[in-house]
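Colleague: If you read the protein sequences in the order shown, they are chains A and B. Take 1 as the starting number for the first sequence in our numbering and just add one per residue. Take 1001 as the starting number for the second sequence in our numbering and just add one per residue.
Keep in mind that the hints were calculated from the coordinates and are not lab data. Treat the hints with care, since some could be wrong.
[What the hints assert, rightly or not] Lysine-lysine pairs mimicking PhoX-like chemistry, simulated, CA-CA at most 25 Å apart:
1. A:K41 to B:K1111
2. A:K41 to B:K1049
3. A:K36 to B:K1022
4. A:K40 to B:K1022
5. A:K41 to A:K19
6. B:K1022 to B:K1069
7. A:K36 to A:K71
8. A:K36 to A:K52
9. A:K67 to A:K19
10. A:K67 to B:K1049
11. A:K40 to B:K1111
12. A:K44 to B:K1022
13. B:K1049 to A:K44
14. B:K1111 to B:K1069
15. B:K1077 to B:K1022
16. A:K40 to A:K22
17. A:K41 to B:K1022
18. B:K1049 to A:K36
19. A:K40 to B:K1077
[What the hints assert, rightly or not] Calculated Cβ distances over 12 Å to all of chain B for the following chain A residues:
20. K19
21. K40
22. N75
Ideal Cβ positions, reconstructed from N, Cα and C, are used throughout, including at glycine.
Spelled out, the chains give:
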Amino acid sequence: DTAVSQTPKYLVTQMGNDKSIKCEQNLGHDTMYWYKQDSKKFLKIMFSYNNKELIINETVPNRFSPKSPDKAHLNLHINSLELGDSAVYFCASSQGVRTGELFFGEGSRLTVL
Amino acid sequence: AQSVAQPEDQVNVAEGNPLTVKCTYSVSGNPYLFWYVQYPNRGLQFLLKYITGDNLVKGSYGFEAEFNKSQTSFHLKKPSALVSDSALYFCAVTDNNNDMRFGAGTRLTVKP
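With the sequences and hints as input, model every part of the structure.
Modeller: Written out as structure tokens, the structure reads:
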């Protein structure tokens, strides 16, 4: 029974397209995150939601729009995809925003051609 | 803003030898420190954390880490490395802010 699940696991698309990645957690956590991991494995936070409210919004192009319909779900929509968007996107959740460890999904590998 | 530094891109050790993966941090408030491990094509997995209390923290798979306030360090250690410990290790920190910042990662290779 997967704790944090992301779909799709792989996504290959053309520049200019719009795509979405979905994330669900069944841990009962209040906080969910999106992280981007680039080809050098550097991990950077993009967004964080606590009980459906946006609490972190890093310097991310506004082509990226997160949506949290409830505290168990955090989806990521990307408009007008660019080559530089190619990366692995990780969803995570935690109980609490400072001291709780993160539980990560398996990642969604996005390739923009 | 808080940050962590992992000064080594790569650490190589022989199986059975002790291992250390280094991490230093910078925060404006109280540090909350974490170690995670990432195996190929997988998400990160939590190993251990320091919030308060004993400076020596024990975690999963026989790993431990020592919080050193004067040196602002939180090095990950294991007394006897296994080949299966080979992976990418990330140090992370939060403070009074809400977000967790990760280091650049250290690739650990344990050779038989």
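Colleague: Work down the list of hints and note, for each, if the structure agrees.
Modeller: Hints and how they fare:
1. Between A:K41 and B:K1111 the alpha-carbon distance is near 22 Å, which keeps this suggested pair within the 25 Å criterion.
2. Pair hint A:K41 plus B:K1049 holds up; C-alpha atoms about 21 Å apart against a cutoff of 25 Å.
3. For the proposed pair A:K36 and B:K1022, the alpha carbon gap of about 23 Å is at most 25 Å, so the pair holds.
4. Restraint check: the Cα-Cα separation between A:K40 and B:K1022 comes to about 19 Å, which is no more than 25 Å; the hinted pair holds.
5. For the proposed pair A:K41 and A:K19, the alpha carbon gap of about 22 Å is at most 25 Å, so the pair holds.
6. At roughly 14 Å between alpha-carbon atoms, B:K1022 and B:K1069 fall within 25 Å of each other, so this suggested pair holds.
7. About 21 Å separates the Cα atoms of A:K36 and A:K71, which keeps this hinted pair within 25 Å; it holds.
8. About 20 Å separates the Cα atoms of A:K36 and A:K52, which keeps this hinted pair within 25 Å; it holds.
9. For the hint linking A:K67 to A:K19, the alpha-carbon distance of about 13 Å falls within 25 Å, and the restraint holds.
10. With a CA separation close to 29 Å, the supplied pair A:K67 and B:K1049 exceeds the 25 Å bound.
11. Distance check on the hinted pair: A:K40 and B:K1111 sit about 23 Å apart at the alpha-carbon level, within 25 Å; holds.
12. Restraint check: the Cα-Cα separation between A:K44 and B:K1022 comes to about 20 Å, which is no more than 25 Å; the hinted pair holds.
13. For a cut-off of 25 Å, the pair hint linking B:K1049 to A:K44 stands: about 19 Å separates their Cα positions.
14. A distance of roughly 32 Å separates the Cα atoms of B:K1111 and B:K1069; the hinted pair therefore is violated under the 25 Å criterion.
15. This hinted pair checks out: B:K1077 and B:K1022 have alpha carbons roughly 9 Å apart, not beyond 25 Å.
16. For the hint pairing A:K40 with A:K22, the CA-to-CA distance comes to about 24 Å; that is within 25 Å, so the pair holds.
17. Distance hint between A:K41 and B:K1022 is fulfilled; the C-alpha atoms sit about 17 Å from each other, no more than 25 Å.
18. Distance check on the hinted pair: B:K1049 and A:K36 sit about 22 Å apart at the alpha-carbon level, within 25 Å; holds.
19. Of the supplied pair hints, the one linking A:K40 and B:K1077 holds, its CA atoms being roughly 24 Å apart against a limit of 25 Å.
20. With a least beta-carbon separation of about 20 Å from chain B, A:K19 lies farther than 12 Å from that chain, consistent with its non-interface assignment.
21. Annotated as non-interface, A:K40 brings its C-beta within 12 Å of a C-beta of chain B; the closest such distance is 8 Å.
22. Distance check for A:N75 against chain B: the nearest CB is about 17 Å away, which clears 12 Å, and the non-interface claim stands.
When each numbered hint is compared with the structure, violations occur for hints 10, 14 and 21.
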